[in-house]
Amino acid sequence: MAWEAPAARAVPAPPRAALTTWLGWAGLAAALVWSYRGTAADVGAVLGPEGLAQMAVYVRRLFPPDLSRALLREVATSAAETFAISFLGTLLAVLIALGLVFFASANLAFAGLLFEMERPAVRAARLLIYGGARGLLNLLRTVPELVWAILFVFMVGLGPFPGVLALGVHTAGVLGKLFAEVLENVDPRPIEALQGTGAGRLQVLAYGILPQALPHFLSYTLYRWEVNIRVAAIMGFVGAGGLGQRIHIAISLFLEHQLLTLVLAIYVLVTIVDALSAFLRRRLL
Amino acid sequence: MPPSTPPPPAVPFLASRPSRFTRGFLLLFGLTTAASWWAARVDLSTLFSREALRNALFFAAEGFPPALSPEFLLFLVRPALETVQISLLGTVVALLTGLPLGVLATASLAHAGPLHELDLSGRPVRRLLRFLPYGLSRALLSLFRSVPELVWALVFVRATGLGPFPGVLAIGVAYGGILGKVYSEILEAVDVRPLEALQATGASRWGVFWYGMVPQAFPHLVSYTLYRWECAIRASAILGFVGAGGIGQQIEISMRMFNFGEVVTLVGILVLMVAGTDALSLRLRRRVL
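Which chain is which? The protein sequence lines are A and B, in order. If you count by our numbering, then the first sequence holds residues 35 to 319, one letter each, in order. If you count by our numbering, then the second sequence holds residues 352 to 640, one letter each, in order.
It is possible that part of the hints are untrue.
What the hints assert, rightly or not - Label pairs and their calculated CB-CB ranges:
#1 A:A60 - B:R474: 47 to 57 angstroms
#2 B:V543 - A:R317: 25 to 35 angstroms
#3 A:A52 - B:T397: 34 to 44 angstroms
#4 A:R94 - B:L395: 25 to 35 angstroms
Stated by the list, open to error - Heads up, incomplete: computed chain A residues facing chain B, CB under 8 angstroms, no partners named:
#5 V80
#6 L96
#7 A114
#8 L122
#9 I130
#10 F136
The hints are simulated quantities; they were obtained by calculation from the structure and are not laboratory data. Quick caveat, the model's predicted, so the values are computed rather than measured. Note that CB positions come from ideal geometry on N, CA and C, so glycine has one too.
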């Protein structure tokens, strides 16, 4: 019997872009024009021959970096401060986040398997606590680090310590939200199994939920540490210690050789922390 | 009488001695904490002192009620819009910076992996020639993103004068570095089988990129760019602290004048703006992914 070609399947016509998509692109284009005019942007001033020449002059003025012994000693001190701010700030953030997150994840606060049998009044009270914890985390997260830093400088004075507090408080909001998402997404089956054996809530938490969540907590914490070393480097702009203060001065007073040294210091610091974080991630996770 | 319960089995990870790595890690962790405590001049007594409490109460008393006079709110419309404009245009500049550099910095396109096996075996010079732009663009991206955007902003304020434009450039450069790195990671993570299939049909590297990589990577590229736009709103609000326009400049001024009622209003507006962009970006991301 002759081989018969299978009937060609109807190829669906490529989907036509919906009207809303076109409207979306048009809206984006309009928004960009509006932004270009609103920000007094001037591509010519940057990429034109004059702008490029100016940039070249500036870059040339940065070299050579100032490597005098006195400056290097000061930079090393500031870099140590920056590292300390990022490290302690992240640590503080973890402590605050861990204190709040168990009230801020729905499945541990009021909903789901653990609370099926709970009386409505108790659940309502727990819902209230949950709302409070969520609200607090949102507040901590949405106020930028530098605003926190100004507030803490106002409270406890200049220096790296307010930087630690500011970083800790803001990052606590970020980590709290991420941790709560982890807790809400754990596999419920171990929880059910533990409940079936008669385990109490704390035991379910310790043996059913935390073992699943801790690796994710650790991973997010390392990620935020990588972010925070960069933030700690600018805390000094508002008087909260570290390299930032020197950078601010160096740029404002046109000390370009010093600026290059400081930028190199940031580069080294960021690279070290990224490498440390990658190493810990490999070993611990 | 209830049956006696058997003793719980020893939990292995608590019972066994911690490994050498764990002990070393804990020791280093403790030392680093102590050294940082000293280097950051942590002084809890200042935090819980009467003066700190007085300052906090002063702030709370001054901050509430927030400044909500119609003139002030009307005056804030422009800086708030400026912040949105800086974030939008800054993200576009970042895209234009990050995309070409990110493509060049993709190892699987530039010099490594199955696309180059035949091409480069036994040709060290050609291998070097392909590695060069890759290495250069990696270094450039790494420089762009390790310098914080606030430092870029200060440099650009020096170069182009006060106003929102240096903010655009600062976000463009700093986020360009981040976008470029993540773009290259996304492009490297695509399934290689379609690429090899395309190559087997005789497609050029450009063809492999365009028909093999882009269709796989596109949704992720768009999604990450949108996420960065959310971050850019926050960042552009801060850039005003060094004179790069937007609502941050106003926060700085009100802070310096100890006008905390205005500060509370400004931070409230910032929070609303961030929440608004988060919601919009989430909806857009759901559509592309």
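Hint check: is the beta carbon of F136 (chain A) less than 8 angstroms from a beta carbon of chain B? violated (21 angstroms)
Is it true that the C-beta distance of V543 (chain B) to R317 (chain A) lies inside 25 to 35 angstroms, as the hint says? Since V543 (chain B) and R317 (chain A) have Cβ atoms about 29 angstroms apart, the given range 25 to 35 angstroms holds.
Hint validation: V80 (chain A) versus chain B, beta carbon distance must be below 8 angstroms. Holds or violated? holds (7 angstroms)
With respect to the beta-carbon atoms only, verify the hint that R94 (chain A) and L395 (chain B) lie 25 to 35 angstroms apart. violated (48 angstroms)
Holds or violated: the hint that L122 (chain A) contacts chain B, with Cβ atoms closer than 8 angstroms. At 5 angstroms from the nearest chain B Cβ, L122 (chain A) passes the 8 angstroms test, so the hint holds.
Given the range 34 to 44 angstroms, decide if the beta-carbon distance of A52 (chain A) to T397 (chain B) lies inside it. Distance hint for A52 (chain A), T397 (chain B) is violated at roughly 59 angstroms.
Is the shortest C-beta separation between A114 (chain A) and chain B less than 8 angstroms? With a minimum Cβ separation of about 5 angstroms from chain B (threshold 8 angstroms), the hint on A114 (chain A) holds.
Take the shortest C-beta to C-beta distance between L96 (chain A) and chain B; is it under 8 angstroms? For L96 (chain A), the interface hint is violated, since the closest Cβ of chain B sits about 10 angstroms away, which is over 8 angstroms.
Does I130 (chain A) pass the interface hint, meaning its C-beta sits closer than 8 angstroms to a C-beta of chain B? violated (14 angstroms)
Okay, A60 (chain A) versus R474 (chain B) on CB: inside 47 to 57 angstroms? holds (49 angstroms)
Hint check: violations occur at hints 3, 4, 6, 9 and 10; the rest are consistent with the structure.
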